[in-house]
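**Q** Residue strings, one per chain:
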Amino acid sequence: MWRIRHFEEQVGVLKRADQVHGLIHLSVGQEGVSASVCTQLRDDDPVYSGHRAHGHCIAKGAPLERILAELMGRDGGLCRGLGGSMHLVDVEHGFMGATGVVGGNIPMALGSALAGRLRGGDQVAVVFFGDGAVQAGHFNESINLATLWGLPLILVCENNGFAEFTPRSAHTNVERVSDVVAPYEVERETVDGNDVLAVWEAFGRFLAEARKGSGPFLLECLTHRLRGHYEGDPGKYREAIAKADWQEKDPILRLQRHGVSEGWFSEDDVAAVERESLAEIEKAEQFARESPFPDQRLIAELVYA
Amino acid sequence: MAEIPYIAAIEMAIHGEMERDDSVLYFGQNIATTENDKFLQAFGPDRVRVTPISETAEIGMAVGAALAGYRPVVELYMAEFMLVAMDQVVNEAPRFRYMTGGQVTVPLVLKAGYGFTAGWAGQHTGTIYGMFMGVPGLRVAIPSTAADAKGLMATAIRDDNPVAYFHHYLLTLIPGEVPDGEHLVPFGEAAVRREGGDVTIVALGYMVGLALEAADRLASEGIEAEVIDPRTLNPLDLKTILESVEKTGHLVLVDQATRHGSASAVIAADVADEGFSSLKAPIKQVTALDATIPYSQPMEEYLLPDVDKIVGAVQQVLGQAPVTA
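Read top to bottom, the protein sequences are chains W and E. The numbering used here puts the first residue of the first sequence at 1, with every later residue one more than the last. The numbering used here puts the first residue of the second sequence at 306, with every later residue one more than the last.
Accuracy of the hints is not assured; some may be wrong.
Said to hold, decoys possible - Label pairs and their in silico Cβ distance ranges:
#, chain 1, residue 1, chain 2, residue 2, range
1, E, Ser582, W, Glu92, 50 to 56 Å
2, E, Glu316, W, Gly150, 47 to 53 Å
3, E, His320, W, Thr172, 54 to 60 Å
4, W, Ala271, E, Ile358, 32 to 38 Å
5, W, Asp245, E, Ala426, 32 to 38 Å
6, E, Glu494, W, Val303, 15 to 21 Å
7, W, Asp43, E, Met306, 30 to 36 Å
8, E, Ala586, W, Glu290, 44 to 50 Å
9, E, Gly374, W, Trp264, 21 to 27 Å
These are calculated hints, taken from the structure and not from any lab test. Where a beta carbon is used, it is the ideal one built from N, C-alpha and C, also for glycine.
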């Protein structure tokens, strides 16, 4: 989680310095869900995510330097500079992508789950999305079809109460995403998304079932977004979240406090993890800066297979 | 060889490819309404799936399955239903390979009928392939004969790109000589349906038949038309068209689409760009008027290209008739 947190912080810095170009969405404060979910998955479990995908991509195992190189538009990036923040894909680690269209890849996750079913085996597909995606038609189409065919798919909703710039209450009358899908009788649970252990446990349970071929499942993780919808927006509606208030909720700090008090690790161990992550990110930035921009001829090669 | 209807030729291709390759899937609304359906019987309910009325989910699912190594064919019935799922058709399927820097391919076929100008009215009769022709990453096929229907479908399934396969509804029962067994028509190869030295007529889909009728009529007036059927809009065989225009010096295009949504406009622009020195007259297009296809039959006929209009256009470019409004 520290890797994600510090990576995102550094991306914010690079963005302000114009080293990272264009539209990015940071997931500071939402690291708990990425980490608890993705670290339980294998490379052959395909994961899809939304536009706020850096954390999921990191947690799924994509190398930091290749993610950063991608964000800096370099040929050494995961997508050779052609995808950027909203189209991060690392097939090798089963990260099938961020998407720029809210909920656009939820139907695609169905296809991955179907493929897993057809092949036999115990592969499970996972798709992350925010509460904002739930009101789109394609979400409902996807839940319907996934439940109709009982696909081995876990839908993870990061409900941070905001979609783009407005609160959930401006989008729908139904407060909980779990209630939206109730009529389809999909197995579902709502957890505190900033309680890493709770997310770990609930997702782990769903995963074990899905590996046996059951599904779909929906895990609603209640969480909070710390920065603005995209880096650069004033985030005035964030005034309500005071600093001290946030310290209570922070997924990383909560886990650390708990772990230290339980004797799982010491404060020194925690400090070491943070230091290591910062060092890793520094190296990643060096790699990215040294990577060339992609050759123009790449375009002609890649439009068609 | 056998004489079989256009629609049967398409099904033959899908069946043949599904036999040949286990990774080919077939899904869509109502595609197998009884247990006796021949696809269901042959390939089972895992590979042949009936879907609810959910085009976005259907096509999105096809994309996901394609990313995982399957080759789905999605039956959409109407080109207009692709419009319901434009995010998947334009924004997701064709862009994925490129945006990932080449990490994936998305082999899938979107099969959609079009142009059913037999009173099916405003939302079921559009000729909208022009909308898809320019989508980077998407291939577009428009067979005009039963043999090509089979050959282009087989090629579409084997192609590693997403393919929008548009079959014309008025051709559904039109028979043609269709080769048995494996039959592939390559993408990007136009067919010269009739040779002639006076004028080049590029015709799309169902318009090929009208163009050939027009050519017969013109022949009786001493005008020999060369009729070219591009067969695929993407990739487009511009070379064959340019070679023909170099020979004839005159170009008429016939497209059932509305003028400003037509594929003919794009082809005309390419010829004007690269073949200008061959042209002895302006390029003329015979298209539908820029209006929704109306229900009433005489209205429908008024709007659409027909043999008279094609003959008229040829006469115009050959300088034999005054330019009409």
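**Q** Identify every previously stated hint that the structure contradicts and give their numbers, smallest first.
**A** 2, 3, 4, 5, 7, 8, 9
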